Amino acid sequence: MFDPTTKVLVVDDMMTMRKIVVKACKDIGFSDIVEAADGQKAWEALQAATSPIGLVISDWNMPNCTGLDLLKRVRSDGRYKTLPFVLLTAESEGHQVAEAVKSGVDNYIVKPFTPELLQRKLEETHKKTITR
Amino acid sequence: MNYTTSEKDGVHLITCPSAIESADAGAMDAMVKGWLLSSAKVHVLDFRAVTLFKPTAYRTFVLYNQALKANSKSLFVVNLNTEISRQFKQDGLTSVFVTVASLDEALKRAAPKTGVGVDVEFINPFIAAARSVLETQAQLVLTPGKPTLKKPDDKLPMEIAGVIALSCKEFTGSINLCFRGETFLKIYEGLTGEKHDTITTEIEDAAAEILNIIFGQAKTVLNDHKGYTLDRALPTVLTGDRLRLYHSSKNPAIVIPFDSPAGPFHLEIVVEKS
Chain A
1 MFDPTTKVLV
11 VDDMMTMRKI
21 VVKACKDIGF
31 SDIVEAADGQ
41 KAWEALQAAT
51 SPIGLVISDW
61 NMPNCTGLDL
71 LKRVRSDGRY
81 KTLPFVLLTA
91 ESEGHQVAEA
101 VKSGVDNYIV
111 KPFTPELLQR
121 KLEETHKKTI
131 TR
Chain B
1 MNYTTSEKDG
11 VHLITCPSAI
21 ESADAGAMDA
31 MVKGWLLSSA
41 KVHVLDFRAV
51 TLFKPTAYRT
61 FVLYNQALKA
71 NSKSLFVVNL
81 NTEISRQFKQ
91 DGLTSVFVTV
101 ASLDEALKRA
111 APKTGVGVDV
121 EFINPFIAAA
131 RSVLETQAQL
141 VLTPGKPTLK
151 KPDDKLPMEI
161 AGVIALSCKE
171 FTGSINLCFR
181 GETFLKIYEG
191 LTGEKHDTIT
201 TEIEDAAAEI
211 LNIIFGQAKT
221 VLNDHKGYTL
231 DRALPTVLTG
241 DRLRLYHSSK
251 NPAIVIPFDS
261 PAGPFHLEIV
271 VEKS
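Protein chains in written order, with the working numbering: chain A, 1 to 132; chain B, 1 to 274.
If we strip away everything but chain A, and leave its shape as in the complex, we get:
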């Protein structure tokens, strides 16, 4: 599992969902959590972070810059090519999942989710990303 000192970036345009994700992250053991309200602000937070962000948990459907746009931007920048990236989505239509997989997402979580599911998905993500 990720080290609890890992800095986590939680991205969602809905404040309520950010609270739910942040609370679940804290329950899992993370304490260094930053938040952003859309993909553009998340991108700015990645650049501005004084200590490196080690995990991104981002909503998909957001105005301005979606989670998929953010993922593509992150993967096209050499500095973040291996940054663990998890998409949260309210939809699980096959073509969308495929689009995320093609764009380099490490894992995805379909809402609604329990803290236990989040933990399991993060464990999977850690196993998948630790070797690269």
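Don't read these hints as lab results, they were simulated from the structure.
Treat the numbers as computed from the prediction; the structure is a model and nothing was measured.
Careful: at least some of the hints might be erroneous.
Claimed, not checked - Taking lysine to any residue pairs in the SDA-like style, the calculated list, with each CA pair at most 25 Å apart, reads:
no. : chain 1 : residue 1 : chain 2 : residue 2
1   : A       : K81       : B       : A57
2   : B       : K155      : B       : N251
3   : B       : K89       : B       : N79
4   : B       : K89       : A       : L118
5   : B       : K186      : A       : P115
6   : A       : K127      : B       : G26
7   : A       : K72       : B       : Y58
8   : B       : K8        : B       : K69
9   : B       : K89       : A       : E123
10  : A       : K72       : B       : K69
11  : A       : K72       : B       : D231
12  : B       : K195      : A       : S31
13  : A       : K127      : B       : T60
Fit chain B to the known structure of chain A by using the hints.
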């Protein structure tokens, strides 16, 4: 790998081995390319023998499903055991591996849809999604009531509503999730663990988010399993002491009431054929 294929009555049937894993991704991709050459509109994976499906093999099948859809073809699964069914559900893959009871059902499901409206087939996914979302995210067990048609003079008490505009080839309309203030505040507490006495701008987006997740789940079922083509939409929130919703549609709204430990609330769905 020990997959066998056959073709009959417009169905490309793939009988899968007991263990599905991506030990040789290149060979898997080549095999799938071969399956895609079939002219059959309906492809069916027979999981009768499957007892292990490693998540590392998901990618191949997700891309296979996507390639089929891009060519207006469909993928279904028969003879799925309960354990793997649970695995797909937990991993959000029920729309990739759509389970059917028989090849006939696969052919029926894949047939083009005609005549779309608000009926049981359309409403039920919203009821199921509302129950699943509130139970998982706010630990609230819902009891749905009987859907009714909203009359022009019906005064349904509400102080906050999440609203999503529905749009697809067949119709336009809206879906509205409506709460009394007291009920909303209790649901908010269930979602976040935070207690609030009044609805403020800080918490009102929860009405939109709950509806967004309900819509997302129902949309997946309707688009992937029932032949609808609902577009993605962003939700908005309406608030007010004596909020009332008026729909500029010739059709009356369908009201679906729910009872919950947090109090009653309801969904309003209105559609008009394009």
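Hints, one by one, checked against the model:
In summary, the hint linking A:K81 to B:A57 is supported, as the alpha carbons are separated by about 22 Å, within the 25 Å threshold. Of the pairs offered as hints, the one joining B:K155 and B:N251 holds, with about 17 Å between alpha carbons and a cut-off of 25 Å not exceeded. Taken as a hint, the B:K89 and B:N79 pair is honoured in the structure, with Cα atoms around 16 Å apart against an allowance of 25 Å. Distance check on the hinted pair: B:K89 and A:L118 sit about 14 Å apart at the alpha-carbon level, within 25 Å; holds.
Distance hint between B:K186 and A:P115 is fulfilled; the C-alpha atoms sit about 20 Å from each other, no more than 25 Å. Proposed proximity of A:K127 and B:G26 is supported: the alpha carbons are some 22 Å apart, at most 25 Å. Between A:K72 and B:Y58 the CA atoms are separated by roughly 21 Å; this keeps the pair inside 25 Å, and the hint holds. Note on B:K8 and B:K69: the hinted pairing holds, with a Cα-Cα distance of about 20 Å set against a maximum of 25 Å.
Taken as a hint, the B:K89 and A:E123 pair is honoured in the structure, with Cα atoms around 18 Å apart against an allowance of 25 Å. Restraint check for A:K72 and B:K69: the C-alpha separation of about 23 Å stays at or below 25 Å, so the hint holds. The straight-line distance between the Cα atoms of A:K72 and B:D231 is roughly 22 Å, inside the 25 Å bound, and the hint therefore holds. With a CA separation close to 22 Å, the supplied pair B:K195 and A:S31 stays within the 25 Å bound.
Note on A:K127 and B:T60: the hinted pairing holds, with a Cα-Cα distance of about 20 Å set against a maximum of 25 Å.
The structure is consistent with each of the numbered hints, conforming to all of them.
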